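Starting from the given sequences, assemble the full structure and let the hints guide the process.
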Amino acid sequence: MGEFLSLREAVARYVEDGQTVALEGFTHLIPFAAGHEIIRQGRRDLTVVRLTPDLIYDQLIGAGCVRKLIFGWGGNPGVGSLHRMRDAVENQHPCPIEVEEHSHAGLAERWRAGAAGLPFGVLRGYVGTSLADHTKTIASISCPFTGEELTAVPAIHPDVGIIHAQQADRDGNVMYWGITGVQKECVLASRHSIVTVEEVVDEFAVRTGGVVLPAWAVDAVAVVPGGPHPSYAHDYSDRDNDFYASWDPIARNRDAFANWLAGVTGEAS
Amino acid sequence: MGEFLSLREAVARYVEDGQTVALEGFTHLIPFAAGHEIIRQGRRDLTVVRLTPDLIYDQLIGAGCVRKLIFGWGGNPGVGSLHRMRDAVENQHPCPIEVEEHSHAGLAERWRAGAAGLPFGVLRGYVGTSLADHTKTIASISCPFTGEELTAVPAIHPDVGIIHAQQADRDGNVMYWGITGVQKECVLASRHSIVTVEEVVDEFAVRTGGVVLPAWAVDAVAVVPGGPHPSYAHDYSDRDNDFYASWDPIARNRDAFANWLAGVTGEAS
Amino acid sequence: MSSCRQNGQWTSDEMMAVAAARELGDGVVCFVGIGLPSTAANLARRMHAPNAVLIYESGCIGSRPDRLPASIGDGVLSETAVANVGVVEIFSYWLQAGRIDVGFLGAAQIDRFANINTTVIGAYDTPSVRLPGAGGAPEIAANCGEVIITLPHSRRAFVEELDFVTSLGHGTGSGHREQLGLRGRGPSAVISDLCVLRPDPVTKELTLTSVHPGVSVDDVRSATGWELAVAEDLGTTPPPASEELAELRELKAAS
Amino acid sequence: MSSCRQNGQWTSDEMMAVAAARELGDGVVCFVGIGLPSTAANLARRMHAPNAVLIYESGCIGSRPDRLPASIGDGVLSETAVANVGVVEIFSYWLQAGRIDVGFLGAAQIDRFANINTTVIGAYDTPSVRLPGAGGAPEIAANCGEVIITLPHSRRAFVEELDFVTSLGHGTGSGHREQLGLRGRGPSAVISDLCVLRPDPVTKELTLTSVHPGVSVDDVRSATGWELAVAEDLGTTPPPASEELAELRELKAAS
Chain P
1 MGEFLSLREA
11 VARYVEDGQT
21 VALEGFTHLI
31 PFAAGHEIIR
41 QGRRDLTVVR
51 LTPDLIYDQL
61 IGAGCVRKLI
71 FGWGGNPGVG
81 SLHRMRDAVE
91 NQHPCPIEVE
101 EHSHAGLAER
111 WRAGAAGLPF
121 GVLRGYVGTS
131 LADHTKTIAS
141 ISCPFTGEEL
151 TAVPAIHPDV
161 GIIHAQQADR
171 DGNVMYWGIT
181 GVQKECVLAS
191 RHSIVTVEEV
201 VDEFAVRTGG
211 VVLPAWAVDA
221 VAVVPGGPHP
231 SYAHDYSDRD
241 NDFYASWDPI
251 ARNRDAFANW
261 LAGVTGEAS
Chain B
1 MGEFLSLREA
11 VARYVEDGQT
21 VALEGFTHLI
31 PFAAGHEIIR
41 QGRRDLTVVR
51 LTPDLIYDQL
61 IGAGCVRKLI
71 FGWGGNPGVG
81 SLHRMRDAVE
91 NQHPCPIEVE
101 EHSHAGLAER
111 WRAGAAGLPF
121 GVLRGYVGTS
131 LADHTKTIAS
141 ISCPFTGEEL
151 TAVPAIHPDV
161 GIIHAQQADR
171 DGNVMYWGIT
181 GVQKECVLAS
191 RHSIVTVEEV
201 VDEFAVRTGG
211 VVLPAWAVDA
221 VAVVPGGPHP
231 SYAHDYSDRD
241 NDFYASWDPI
251 ARNRDAFANW
261 LAGVTGEAS
Chain A
1 MSSCRQNGQW
11 TSDEMMAVAA
21 ARELGDGVVC
31 FVGIGLPSTA
41 ANLARRMHAP
51 NAVLIYESGC
61 IGSRPDRLPA
71 SIGDGVLSET
81 AVANVGVVEI
91 FSYWLQAGRI
101 DVGFLGAAQI
111 DRFANINTTV
121 IGAYDTPSVR
131 LPGAGGAPEI
141 AANCGEVIIT
151 LPHSRRAFVE
161 ELDFVTSLGH
171 GTGSGHREQL
181 GLRGRGPSAV
191 ISDLCVLRPD
201 PVTKELTLTS
211 VHPGVSVDDV
221 RSATGWELAV
231 AEDLGTTPPP
241 ASEELAELRE
251 LKAAS
Chain F
1 MSSCRQNGQW
11 TSDEMMAVAA
21 ARELGDGVVC
31 FVGIGLPSTA
41 ANLARRMHAP
51 NAVLIYESGC
61 IGSRPDRLPA
71 SIGDGVLSET
81 AVANVGVVEI
91 FSYWLQAGRI
101 DVGFLGAAQI
111 DRFANINTTV
121 IGAYDTPSVR
131 LPGAGGAPEI
141 AANCGEVIIT
151 LPHSRRAFVE
161 ELDFVTSLGH
171 GTGSGHREQL
181 GLRGRGPSAV
191 ISDLCVLRPD
201 PVTKELTLTS
211 VHPGVSVDDV
221 RSATGWELAV
231 AEDLGTTPPP
241 ASEELAELRE
251 LKAAS
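If you read the protein sequences in the order shown, they are chains P, B, A and F.
Position one of the first sequence corresponds to residue 1 (this note's numbering), numbered consecutively onward.
Position one of the second sequence corresponds to residue 1 (this note's numbering), numbered consecutively onward.
Position one of the third sequence corresponds to residue 1 (this note's numbering), numbered consecutively onward.
Position one of the fourth sequence corresponds to residue 1 (this note's numbering), numbered consecutively onward.
Mixed in with the good hints, there may be bad ones.
Taking lysine to any residue and the SDA-like style, the derived pairs with C-alpha atoms no more than 20 Å apart in a straight line are [claimed, not checked]:
id, chain 1, residue 1, chain 2, residue 2
1, B, 136, A, 123
2, B, 136, P, 148
3, P, 68, P, 159
4, P, 136, F, 163
Covered stretches of chain F (chain P as the covering partner; in silico rule of three or more C-beta atoms under 8 Å from a C-beta of chain P) [what the hints assert, rightly or not]:
id, stretch
5, 48-54
6, 59-70
7, 88-95
8, 236-247
If you are wondering where the hints come from, they were derived from the structure by calculation, not from laboratory data.
From a predicted model like this one, the values you see are computed outputs, not experimental measurements.
Where is the CB? At the ideal position from N, CA and C, for every residue including glycine.
Pasting the structure below:
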């Protein structure tokens, strides 16, 4: 219902241990502040879903919140690896994680099917690759009219979908623009949703490509200016490319990461 | 390639007897002028596709251009029946037409599948209705993950898709806004496409909800101000509700229709 | 049917619109068919249901028109909407996904289980009357939480058997929708210009629960093509309040 | 590999970017991967292919960035685009539908049939190196008319056998793509910092067709993990023209 809550309240109310949670935002509007709040609240055993895990899931994985990762591309864009993710996959540190791996096109179709209330989606994908050998959620399906074989993937229905938007209005409607990613699908496919926003405005301005989510399709709205840092909010902030570069040495080293984590949880050593 | 042509040239180049043609526009931006040009050029045996045939297909059917109609709702909105369509279905006048009947949701999914390059689409639809008893392009499909039964419909791939838009820029990119319907899908699902526009502008203004089709995804652009009359172009013209009402007595009477038709073809009696 | 009753204070059409409007609760999300459903839904929004969210299949979400739209594609619907989306999206992401509380539909014909025909009278291939067809109705009827149907009462409209089931109501009765896997609960009320009918909680057969003022049970029976079930606690529909009438007439005058 | 050659006039990375850019014809519609493909595609657009249409999987259609984007989601891509759409739409309506002429991809590993691995080195469940994974590449490789691949040359990258096929090139060779029903024709060129490889018209095996200036066939062989086929009419890649170098450096400096 577009209820205004603090980020702390919103995460406390909707995110529980063992749930499937998605924090989406395709390289833009990534809801980092919400991810940090999940870390602070000590959630565990989460199944997390994202097209591109990016630093936000590297941080959640490193903090030990994650039991399973569903993803498409797990790198630090333009920099290199996600070392916390690699440490978990390669060395089971800080805990083993299960990986369910798709392509972006496949995950996007899973989001579409989820938003559309269908149990599965269909695409021309994965054919001839090794992905289907290792990912159980890839199946074959025949066209009932032509007999052609295509690929089916199951819908995603997280317990909680979390995104960041530029603006909410006073009724709790939400608007975002720029690169709009799969956020609408994430919110609509999820049982509950939280949207962090840069600010509350009296009225939305005219925006080419602006996406509006009506208040009744969103559970909670939390005002968190700068919530996507080091990602960015088009027309509000720039991507902090330096932070992305500086993350590499932090994430490579377990102690450096622990130190960073203490800064987030307020337990600085 | 967004090539600027006269409407006459565009229709002459792309629309041929026996083809499948779609003139879309969901109650708004209906490309009436292009339909009249098809009538003037005397095309025959067309399969025509539209969610709502509206007056435009009543006119094409009455003029004898149509062999088969694929549609979802065939009425004169707010007025009553499409009498030329009824005369064809009930009395085979001026020629018999085959009818392939769907719901709007099913046809929208057929458009989506067409635009997405898939041979079929999936929906929760038609269950328990008589539609599947009479329409061959409705089939059952099982979810490969849950076993749930859903409905499949084949993609639509017209030879030519025709829409009306408010604006083109000088490169042949096209923009429309307001109620945007299934026009993007129509253009993308069709082998060729023609867009009539109100005007050519140097640059598109910022518009909430504006849809842009890049020039390279469109074959021909024809400048036809007022092209959607008696439908309307948001921010350019109002719907001519009086014409919709006046159409009823014209279409009810074969002679009155012949007289109207002569006005379109320039063969006034 | 006369459309004038009660010494000209209000017409039976007005009674129908008012009674239909009353069915819409405040805050519900409603998928609105054009015509009478749209009139009733907008009247409700301006009376007791200011927070009802009206959705039109033309892709308009949360429209608040200040006049009655002339068609489902009236520009006033998109101008006053909270969000505008394409037709593919409105049917898939919004209707099909089960996000809509109430579907508000009109009908040409209806049977005792509130199944709807808007396709043909007579044989499908050689119809005596070719009606407009399905439009958005089959999936609205299938996928909304519940469905309200409104249409004028007559023996041609309320028939023993439909020639074509365009939109499923309660099918062949109790349990049929569940058996077909439909997630919406189906029709909860049929509002005509004579009365209100509701499905029996067990059998799902439409039952006369309320007659409009000045209408007798026999009036309804003689306008109904099947043996009509009548509720034991049959009531009388409260007449249109003056505020309801004023608001309805203002809406219509603005159109 | 040294990245400096020709008395410091240009680096091997610059040669690679220039040679890759030359592969892109004017007016083609190109789905662009981030990194080296994006550099090459934007260089092409500013040189000989001003009408090339660049599409990014972030939903940006027809972007004309005046600097190199830092990531696939750089705001400059959406600000300079002709149209911006969501990620679901870019993959389904634009890529999958077969509307894209050329896919431009990077790679971590490649084999003799231009199959790509960007997923794992070693066993999937106990990898020695966990690479980023698929991203958009599998469907770009499957659905574009043709594919251009660009990556630096080394024995770790050009391998006899892939541990994981993330994106299909020519599979097991001639006829394999057709047999799988893929509609795109697959990789047409692989551009490294040493050379240009093209699939043999019949066998589809990558064949050395051009070495970059200052590179010998033995240099390429010793950096390639399989027994390399060499074209009879082996050529030498024209060195970067001063205009190409100037434009490339300007693009990079602006970033």
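If you count the residues of the stretch 48-54 of chain F with a beta-carbon closer than 8 Å to a beta-carbon of chain P, do you get 3 or more? violated (count 0)
Count the residues of the stretch 88-95 of chain F whose Cβ falls closer than 8 Å to any Cβ of chain P, and tell me whether that reaches three. holds (count 4)
Satisfaction of hint between residue 148 (chain P) and residue 136 (chain B), Cα-Cα up to 20 Å: holds (18 Å)
Is the coverage entry for the stretch 59-70 of chain F by chain P consistent with the three-residue Cβ rule at 8 Å? holds (count 3)
Holds or violated: residue 68 (chain P) and residue 159 (chain P), Cα atoms, limit 20 Å. The given pair, whose Cα atoms are some 14 Å apart, holds under the 20 Å limit.
Taking a Cβ-to-Cβ distance below 8 Å as contact, does the stretch 236-247 of chain F have at least three residues touching chain P? violated (count 0)
Quickly compare the C-alpha distance for residue 136 (chain B) and residue 123 (chain A) to 20 Å and report which way the hint goes. holds (17 Å)
For the pair supplied as a hint, residue 136 (chain P) and residue 163 (chain F), is the alpha-carbon distance within the 20 Å limit? holds (19 Å)
Taken one by one, the earlier hints fail for this structure at numbers 5 and 8, listed in ascending order.
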